[in-house]
Amino acid sequence: MTKSKSVKTADKVKTKNPLVNGSFNEKAARDVMSLIKEKGIKIIDLKFNDMPGLWQHFSIPATELKDMPDLTRSIWVDGIGFDGSSIRGFQKIQESDMIMIPDPSTAVIDPVCEVPTLSMICDIYDPLTRKAYTRDPRYIAKKAEKYLKETGIADTVYFGPEAEFFIFNSIRFDQTENSGYYFIDSNEADWNTGRDENPNLGYKIRFKEGYFPVPPHDSMQDLRSRIILKMIEAGINIEVHHHEVATAGQCEIDIKYNSLTKMADDLLLYKYIIKNMAKQNGMVATFMPKPLFADNGSGMHCHQSLWKNGKNIFFNKSGYALLS
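Residues are numbered in our numbering as their position in the sequence shown, beginning at 1, plus a constant of 419.
Please note that the accuracy of each hint is not assured.
Stated by the list, open to error - Label-pair distances were calculated between CB atoms; the ranges are:
no.	residue 1	residue 2	range
1	Gln723	Phe477	26 to 36 Å
2	Lys511	Pro618	54 to 64 Å
3	Pro488	Glu581	28 to 38 Å
4	Gln699	Gln513	36 to 46 Å
5	Tyr601	Thr553	14 to 24 Å
6	Ala713	Lys456	49 to 59 Å
7	Arg492	Leu742	46 to 56 Å
8	Arg549	Asp574	22 to 32 Å
9	Glu445	Gly701	38 to 48 Å
10	Cys532	Ser724	18 to 28 Å
11	Arg449	Met719	36 to 46 Å
12	Ser724	Gly472	19 to 29 Å
Claimed, not checked - In the DSS-like style, the derived pairs of lysine-lysine whose C-alpha atoms are separated by at most 30 Å in a straight line are:
no.	residue 1	residue 2
13	Lys675	Lys690
14	Lys709	Lys675
15	Lys694	Lys456
16	Lys446	Lys649
17	Lys461	Lys565
18	Lys461	Lys446
Simulated from the structure, these hints should not be mistaken for laboratory data.
Even for Gly, the Cβ is constructed at its ideal location relative to N, Cα and C.
Assemble the whole structure, with the sequences as input and the hints as a guide.
Written out as structure tokens, the structure reads:
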């Protein structure tokens, strides 16, 4: 991990610091520091997106963000260095140094860590130009929102994804010189109707009959409820959760719509919570599109709308199907 060079003058921060996409939000940073003290936070976890859309992270002790009288000479402005060549799609080995700067508006108490941890999403910067890194997916999302406003067509775009996923009891896979296989199992799967479970109670979901059954067939009810409570605790607005069409623990949890970058942040946090809660319960969650043969796969319907001056420009009261 490499250390970044300091920004030496407060003037750069108070006006247009290229490291922070505009004026430095000192109040938001100090609010985060107050939260660290108030909640007894021990660890700060800094996350960012790689090119394929997965979170990467590292952690620092919370003492690194305590008692900073001059925030212009801190990680809020200087950032923290990391090896960009080790992140898929980022940098070549000869130009590996990158900088990540936490966005205080994304601060949330990590809902799955045992040690009191504050999580923040970071933006990536080039250490030489001190400008936002063009391959940072989060920066690309921000640019898209900015471009939309510049077109004059709309000033806001909302996205409301409906992500589907499976929660399995076991996954085994291997690929060797002389063999290759994968094996998936689920306690509620139709293929386990004849398994000796001491006793087998028979509450299995048949293929393509998993949409909306109540417990005991829906064996994921309590786990999904615990998951959404963690999401709500982390600031994600939830609309509904239910079992999906496929057997073997296919689920859906719907998030309330939000603007592009905020929704992208929320969706990564959503996946993070689901995967960790599944693991903590001795199971494994996957968002793979088609893990099972002969049953429904998982998709992500995505509702979207364009708004201008607080009005939905997709809507027309006199248009066909109320569309503009």
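Status of each hint after checking the structure:
1. Gln723 x Phe477: 26 to 36 Å: With a Cβ separation near 33 Å, Gln723 and Phe477 satisfy 26 to 36 Å, so the hint holds.
2. Lys511 x Pro618: 54 to 64 Å: 60 Å, holds
3. Pro488 x Glu581: 28 to 38 Å: For Glu581 against Pro488, whose Cβ atoms are near 47 Å apart, the range 28 to 38 Å is violated.
4. Gln699 x Gln513: 36 to 46 Å: Holds, at about 41 Å.
5. Tyr601 x Thr553: 14 to 24 Å: With Cβ atoms ~37 Å apart, the hint is violated.
6. Ala713 x Lys456: 49 to 59 Å: 55 Å, holds
7. Arg492 x Leu742: 46 to 56 Å: 53 Å, holds
8. Arg549 x Asp574: 22 to 32 Å: 29 Å, holds
9. Glu445 x Gly701: 38 to 48 Å: 45 Å, holds
10. Cys532 x Ser724: 18 to 28 Å: Hint violated: Cβ distance 35 Å, outside 18 to 28 Å.
11. Arg449 x Met719: 36 to 46 Å: 37 Å, holds
12. Ser724 x Gly472: 19 to 29 Å: 23 Å, holds
13. Lys675 x Lys690: 15 Å, holds
14. Lys709 x Lys675: Within the cut-off at roughly 25 Å; holds.
15. Lys694 x Lys456: 29 Å, holds
16. Lys446 x Lys649: 27 Å, holds
17. Lys461 x Lys565: 36 Å, violated
18. Lys461 x Lys446: Since the Cα atoms of Lys461 and Lys446 sit roughly 21 Å apart, the hinted pair holds (cutoff 30 Å).
In summary, the structure is inconsistent with hints 3, 5, 10 and 17 from the numbered list given earlier, while agreeing with the others.
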